[in-house]
Amino acid sequence: MAVSDTACFALALDAMDGVGRVTAGRLLAHFATYADLLRYPREQVLARIKGAPRSQALVATLFDQEAMAARLEEAQQALAHLQTLRVKLVALPDPVWPTGLNDLPRSNRPFLLYTYGHLEVLARPIIALFARPPISPEPFEQAQALVHHLLPHAVVPATGAAHGFDVVVHKLCYAGRAGYPSLLVASAGMAKAPPPLRPTVSGAVKAGGLFVSPFAMNHGPFEHDDKERALVLAALARACVFFEPQPKTPEWHAMTWAAEAGRAVFGIASSHHPLPDPVHLLQSDVDFDWVLAAARSEEG
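My numbering puts the first residue of the sequence shown at 228, with every later residue one more than the last.
Treat the hints with care, as some may be off.
The calculated label-pair distances, taken between Cβ atoms and stated as ranges, are [to be verified]:
id	residue 1	residue 2	range
1	425	510	32 to 40 angstroms
2	475	364	42 to 50 angstroms
3	245	364	30 to 38 angstroms
4	300	350	27 to 35 angstroms
5	372	274	49 to 57 angstroms
Keep in mind the hints are simulated off the structure, nothing from the lab.
Ideal Cβ placement from N, Cα and C applies to all residues, glycine included.
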């Protein structure tokens with residue numbers, strides 16, 4: 228199975244009217260490529276998406292091979308253009324698909340990732356760092372100290388791709404003589420990355436890192452998508468660390484989900500908002516080893 232065939236089918240589904248994220252994810256979970264789907268009778272394909280909106284019409288469209296050939300050709304051209312930008316599409320059935328994303332609720336679960344950089348990062352132990360500026364000086368210093376502690380241990384620090392906090396974390400990773408890989412997760416399409424963040428993306432990728440987005444290249448930015456960015460970041464990680472999270476923010480929502488989903492969750496509370504019980508408090512540098520151990524617990 229060629230990865231490009233999988234990505235092509237996923238991209239074609241993404242462009243089809245009436246095919247939402249949940250339906251596309253259900254189809255891709257059963258049929259990695261369009262050729263796979265055509266090996267099954269219509270009744271079995273329909274059974275796989277039972278309950279989806281307008282499922283009968285969708286299956287009829289999927290079995291219109293002439294129309295689908297045109298859609299797949301458009302998707303192939305889009306993939307070829309992305310290649311010129313060194314952007315690779317990773318779809319749900321791909322061998323490199325990060326399975327942690329499958330823990331997300333279907334309505335929040337992407338079935339495509341746009342990636343720029345080194346895909347092998349997705350197979351490494353990832354520690355997600357969450358903050359929404361402004362944060363107090365002491366938690367900010369603790370975040371930097373944690374990154375310094377983690378880097379020699381072959382784990383990958385990960386953040387969003389929007390704020391000064393993100394810039395500082397990734398500069399700590401790539402600016403040293405050794406250069407360590409890191410991961411950035413966008414809250415919009417890659418083409419809409421904030422200009423001040425672009426040197427950070429470039430530096431991270433040169434050091435072996437990866438930039439990913441669950442959104443199409445020119446999507447957004449929209450404020451409500453930051454919640455999805457936070458969830459994707461948490462789902463990619465084995466351990467999550469939150470610095471002064473505030474209620475009713477994407478970070479707080481991701482913290483709640485991560486704890487319920489069984490991720491190892493650590494944090495430093497603000498003076499006004501204590502952290503819920505499942506979150507392990509980081510009280511000193513000694514606790515950094517607990518974060519490291521949680522991230523590496525599934526190795527081997």
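Could you tell me which of the numbered hints above are not met by this structure, giving the numbers in increasing order?
2 and 3
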